[in-house]
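This is what each chain is made of:
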Amino acid sequence: MSEPLLIDLSKRGRKAYCYPPLDLPRGFDQALPDLPEHLTRQKPARLPEVAELDVVRHFTRLSNLVHGVDNGMYPLGSCTMKYNPKLGEHIAAMEQFTHIHPLQDISTVQGCLSVMYNLLEDLSSITGMSWGSLQPCAGAHGEYTGLKMISAYFLEKGETQRRRVLIPVSAHGTNPASAAVVGFDVVEVKSNKDGLVDIEDLAPKLDETVAALMLTNPNTLGLFEKEILTISEMVHDVGGLLYYDGANLNAIMGMATPGDMGFDVLHLNLHKTFSTPHGGGGPGSGPVMVNDRLRPFLPKPDIELTDSGYVYRWDGEQSIGKVSMFWGNFLVALRAYVYILRMGSEGIKAASQHAVLNANYLAAKIGERIAIPYGKRAMHEFVASAKALRHENGTTAQDLAKTLIDEGYHPPTVYFPLLVEEALMFEPTESESVESLDRFVEAFFRVLDLAERDPEYLKEAPHHTPVGRLDEVRAVKEPELRY
Amino acid sequence: MSTINEHVRYSQDHEWVRIEGKKAYVGISDHAQAELGEIVYVELPPVGERYEQGEEISTVESVKAASAIINPIAGVVSEVNEQLDGSPELINEDCYTAHLYVLSDFDQGQYDGLLDPQAYATFLATL
Amino acid sequence: MIYPYIPHTDEDRRAMLKAIGVASIDELFSDLGADLLLEDSVPISHGRTEDEVQRMIDSIAQRNIRGIPFLGCGCYDHITPATVKALSSLPSFVTAYTPYQAEMSQGLLQAIFEFQSMVCEITGLDVANASLYDGANAAVEAASLMIASKRKATTILVSETIHPFVLNVLRTWALGTAHTIGLLPQINGTADFDQLSELLDDEVAGLIVQSPNRYGLLEDYTSVAETLHQKGMLLTISADPLSLAIQRSPAEWGADIAIGDTQALGLPLAFGGPSCGYMAVTKALMRRIPGRVVGATVDNAGRRGYTLTLQAREQHIKRERATSNICSNQALAALMTTIHLSSLGWGGMVEAASQSYAKAHYLAYHLAQLPGVTLIWDKPFWCEFPLLFNDAKRMRKFLQELRNEGIFAGVRLSTLTRKSSDELVLLVAVTEKRSREELELYLAAARRVLK
Numbered sequence: 001m002s003e004p005l006l007i008d009l010s011k012r013g014r015k016a017y018c019y020p021p022l023d024l025p026r027g028f029d030q031a032l033p034d035l036p037e038h039l040t041r042q043k044p045a046r047l048p049e050v051a052e053l054d055v056v057r058h059f060t061r062l063s064n065l066v067h068g069v070d071n072g073m074y075p076l077g078s079c080t081m082k083y084n085p086k087l088g089e090h091i092a093a094m095e096q097f098t099h100i101h102p103l104q105d106i107s108t109v110q111g112c113l114s115v116m117y118n119l120l121e122d123l124s125s126i127t128g129m130s131w132g133s134l135q136p137c138a139g140a141h142g143e144y145t146g147l148k149m150i151s152a153y154f155l156e157k158g159e160t161q162r163r164r165v166l167i168p169v170s171a172h173g174t175n176p177a178s179a180a181v182v183g184f185d186v187v188e189v190k191s192n193k194d195g196l197v198d199i200e201d202l203a204p205k206l207d208e209t210v211a212a213l214m215l216t217n218p219n220t221l222g223l224f225e226k227e228i229l230t231i232s233e234m235v236h237d238v239g240g241l242l243y244y245d246g247a248n249l250n251a252i253m254g255m256a257t258p259g260d261m262g263f264d265v266l267h268l269n270l271h272k273t274f275s276t277p278h279g280g281g282g283p284g285s286g287p288v289m290v291n292d293r294l295r296p297f298l299p300k301p302d303i304e305l306t307d308s309g310y311v312y313r314w315d316g317e318q319s320i321g322k323v324s325m326f327w328g329n330f331l332v333a334l335r336a337y338v339y340i341l342r343m344g345s346e347g348i349k350a351a352s353q354h355a356v357l358n359a360n361y362l363a364a365k366i367g368e369r370i371a372i373p374y375g376k377r378a379m380h381e382f383v384a385s386a387k388a389l390r391h392e393n394g395t396t397a398q399d400l401a402k403t404l405i406d407e408g409y410h411p412p413t414v415y416f417p418l419l420v421e422e423a424l425m426f427e428p429t430e431s432e433s434v435e436s437l438d439r440f441v442e443a444f445f446r447v448l449d450l451a452e453r454d455p456e457y458l459k460e461a462p463h464h465t466p467v468g469r470l471d472e473v474r475a476v477k478e479p480e481l482r483y
Numbered sequence: 001m002s003t004i005n006e007h008v009r010y011s012q013d014h015e016w017v018r019i020e021g022k023k024a025y026v027g028i029s030d031h032a033q034a035e036l037g038e039i040v041y042v043e044l045p046p047v048g049e050r051y052e053q054g055e056e057i058s059t060v061e062s063v064k065a066a067s068a069i070i071n072p073i074a075g076v077v078s079e080v081n082e083q084l085d086g087s088p089e090l091i092n093e094d095c096y097t098a099h100l101y102v103l104s105d106f107d108q109g110q111y112d113g114l115l116d117p118q119a120y121a122t123f124l125a126t127l
Numbered sequence: 001m002i003y004p005y006i007p008h009t010d011e012d013r014r015a016m017l018k019a020i021g022v023a024s025i026d027e028l029f030s031d032l033g034a035d036l037l038l039e040d041s042v043p044i045s046h047g048r049t050e051d052e053v054q055r056m057i058d059s060i061a062q063r064n065i066r067g068i069p070f071l072g073c074g075c076y077d078h079i080t081p082a083t084v085k086a087l088s089s090l091p092s093f094v095t096a097y098t099p100y101q102a103e104m105s106q107g108l109l110q111a112i113f114e115f116q117s118m119v120c121e122i123t124g125l126d127v128a129n130a131s132l133y134d135g136a137n138a139a140v141e142a143a144s145l146m147i148a149s150k151r152k153a154t155t156i157l158v159s160e161t162i163h164p165f166v167l168n169v170l171r172t173w174a175l176g177t178a179h180t181i182g183l184l185p186q187i188n189g190t191a192d193f194d195q196l197s198e199l200l201d202d203e204v205a206g207l208i209v210q211s212p213n214r215y216g217l218l219e220d221y222t223s224v225a226e227t228l229h230q231k232g233m234l235l236t237i238s239a240d241p242l243s244l245a246i247q248r249s250p251a252e253w254g255a256d257i258a259i260g261d262t263q264a265l266g267l268p269l270a271f272g273g274p275s276c277g278y279m280a281v282t283k284a285l286m287r288r289i290p291g292r293v294v295g296a297t298v299d300n301a302g303r304r305g306y307t308l309t310l311q312a313r314e315q316h317i318k319r320e321r322a323t324s325n326i327c328s329n330q331a332l333a334a335l336m337t338t339i340h341l342s343s344l345g346w347g348g349m350v351e352a353a354s355q356s357y358a359k360a361h362y363l364a365y366h367l368a369q370l371p372g373v374t375l376i377w378d379k380p381f382w383c384e385f386p387l388l389f390n391d392a393k394r395m396r397k398f399l400q401e402l403r404n405e406g407i408f409a410g411v412r413l414s415t416l417t418r419k420s421s422d423e424l425v426l427l428v429a430v431t432e433k434r435s436r437e438e439l440e441l442y443l444a445a446a447r448r449v450l451k
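Residue numbers (the numbering used here), protein chains in the order written: chain A, 1 to 483; chain B, 1 to 127; chain C, 1 to 451.
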């Protein structure tokens, strides 16, 4: 089942692609000034020399060694692996979009700008914010951009002492990393026994040195922060701002808005909530959305609709500037726009409702046999714990996950959030039918049966994949990172 | 139960210091190495640089964790344990012989202020 | 309304609610409370059928006008083999996520390993990552890496000749932090290295330069790396990777870090995104490279396999101590580049780069004969060159006339710099894809306007 590296199939002289001959007038190529010797490359690069069919078979075989949403259920918590509609792929491949240069005259790109402008309008409505920017290329990039705006806002106000960002222990790792990259000091906020922000712990940490509190709501345990309005008031009372990590928006879109909860700025993951494909780890898109207070700080250029059409606005004096090369991952934004057009106001609400319905159904079923420490009522995802099993016979969350692979499923997220020992975080999304969920539960129970009967078997799982568990220690100690 | 060496002093960040003449050897405690698990990489500090007490000076990594080494007393890095470059697991094997680096011109007063073995044992019990 | 992306029937919903033990879906949202639950639907349009959406998009797409692009400035119209689109659209590549579970992601991991290898080969450096957002963000990551590599350093020196947008993105990065961007001035269109030594104070962590630079000119980095290394500073070279088929590689210049954007290697113009940033570093910096890195190892039965590795560097482990926050990258775009390079081979890459060079020089040579325009500096360039007009009105007429012929004649430098002093400079890019007819069409129109 293993596939050799393409470079190992190379044979000198083979070609998978031929260029047309250079058709300049005879003599010109001889007269052409050579690149000066000292600027000329000396050593050739080693790239595959193969025929077209070799390339086709190689990548087709590689794709057979990958599990995507199109292959089967992918309940990877916090990643919202929902179905990516084929219409989006079809439209994103249209040459009227793929063959447009980002620096064409503005009169020739009104279609692209219309997509971006209207998408921003829809995202504003869905989040309850005033406006946004599509420049950030991924969720973490959106966090960076949002926090940069917060930094610029306080710089503008002369409140340079606000160097602290509060982040719950349950947060995604990108939250503290983004805050640190922007230059803030990170202060952790504890969770209470219900898995929610511990207000007793939060209160004394709030003062005039706080720039912002970053929250995911529902949080990474899949629980809705019920005290959000109180928290929002507490943060704003000391002059801080509230940042919403939109990773879990799929639980509430159309039902409630971060704007109403008091958030000042947020990022979205179009590749999660708005059904654009994850592409094996990107490209995603992480638009930032803001309320009026932060609007002047949005990245440049803004897009405006005037009597003569859409125009770029470069004149924002308070703008933080650009955060990506051109205008962001346009083709990803286009797919998200198509998804919103297709679903409409009722559809996006239905998506969240069914995502929550599916998660609760799965939790009810799975909870019959494994602990869900923070209660069985969840929003769009829930976190189970293999702690008991581990104490009983040494079976870990990792063992369960690896054995699920043999059942043909992508495992849930493991060992996150850190609050839960031996965590298994399930997010089924709205895409799965009840039958699909039932089949998954049966598979998971078979794994649990195995764990009780033969824990050693699980230690060696998966057994039916092209490779088994990999030696990660060796990969770090003796790194082999290229051919 | 982690081993506590009787001939060194400890910081609350789980670093140990052993003085031998004009040299202060610095390493990580048994508790720290056990928490990390199998160590796969140690980033050693540049020789000749002065570091203050409490400054992040190096990193010790396992496959799924990275722990910052907080310099326990001020001084100038005079040597590093180059054996760790190829064999970081030496720390797991015996963390009190596998030091990370050596300080010269170190701050004796800060050394005296570190936890003695008894106090470190008490501190560990509170964790 | 039925939503094809939501498979539930009324019967399913009833059965599921019963299994959960609630009476309605609303009950599942009770934690939100009356204060937060929306009374009405959010104010966006109603849903549409697939056909309705397609028609609507068709009409929007008509408002985009295509031309023959002689546009570059970081985004180029190169020939792409048909294999790229066909193979990168395979559904499991498209719909998978980051290969956290190595056993069911070997294909993706291997493709990334091949991408890393090719980036190393092309730049000449030792270690590459799985991709970054784009060329500008690769510059930000290089800046962070250099700062983290030199104790107490705060300043990144940047050549004035790097792409204006990259400079913008770097300035945003420095905003409100302890980091500073210092500028290395230019002289006659390339970085002025005579001024380098005096700018290297203790705070400087390293230098970022770009070739081909913002004007398309190739820069000479003789002895630059040595000057920096003597002071314990690092050199980052940003380069269009296709240009490296013919111009000296970052490793050959002694660079510690190579960055750029792989757009020229198999990615469409796509209104500027997604593209794909790349980064390669020397072995000494291996454990500081940001983002995902794939390594080869063996499994429990001794079989070769691939896995994400060196993860202790990354945000999900280091959290606030990580020097980069990157999580998702541009994996699918990196895959397109990998397929593109697999199809081209080194011979194809050299062919594309050489033909771009020849065609750009052909157009430049003939344009330079015309009155009212000059090639600003007599310096080596690759596929893009700066044309200076002597008059704003003639320039506008030139651009308009060529647009009437269906030609996008170039990018005005002032579009990038927002400076009125750059308004008369037109950057013209010519790739191997431009046919002889297209070049002659350009020249004929130019001769009509500039006679």
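Hints may be right or wrong, so weigh each one.
Claimed, not checked - On the chain C side, residues computed to face chain B include the following (Cβ under 7 Å):
id: 1; residue: 312
id: 2; residue: 317
id: 3; residue: 318
What the hints assert, rightly or not - Footprint (simulated), chain C over chain A, 3 or more residues, beta carbon under 8 Å:
id: 4; segment: 68 to 80
id: 5; segment: 193 to 206
id: 6; segment: 239 to 245
id: 7; segment: 389 to 396
id: 8; segment: 445 to 454
In case anyone wonders, no lab produced these hints; they're calculated from the structure. Here a beta-carbon is modelled for each residue, glycine too, at the ideal position from N, C-alpha and C.
Status of the hints after comparison with the structure:
1. Taking 7 Å as the C-beta contact cut-off toward chain B, the hint placing residue 312 (chain C) at the interface holds, the least distance being around 4 Å.
2. Of the supplied interface hints, the one on residue 317 (chain C) holds, with its beta-carbon coming within about 6 Å of a beta-carbon of chain B, less than 7 Å.
3. About 5 Å separates the beta-carbon of residue 318 (chain C) from the nearest beta-carbon of chain B, less than 7 Å, and the hint is met.
4. Look at the segment 68 to 80 of chain A against chain C: 7 of its residues bring a Cβ nearer than 8 Å to a Cβ of that chain, three or more, so the hint holds.
5. For the segment 193 to 206 of chain A, the proposed coverage by chain C is not satisfied: 0 residues have a C-beta within less than 8 Å of a C-beta in that chain, short of the threshold of three.
6. Counting residues of the segment 239 to 245 of chain A whose beta carbon lies closer than 8 Å to any beta carbon of chain C gives 0, which falls below the threshold of three, so the coverage claim is violated.
7. Coverage of the segment 389 to 396 of chain A by chain C is violated in this model, with 0 residues showing a Cβ closer than 8 Å to a Cβ of that chain against a need of three.
8. As drawn, the segment 445 to 454 of chain A meets chain C at 0 residues by the rule of a beta-carbon pair under 8 Å; below three, the given contact is violated.
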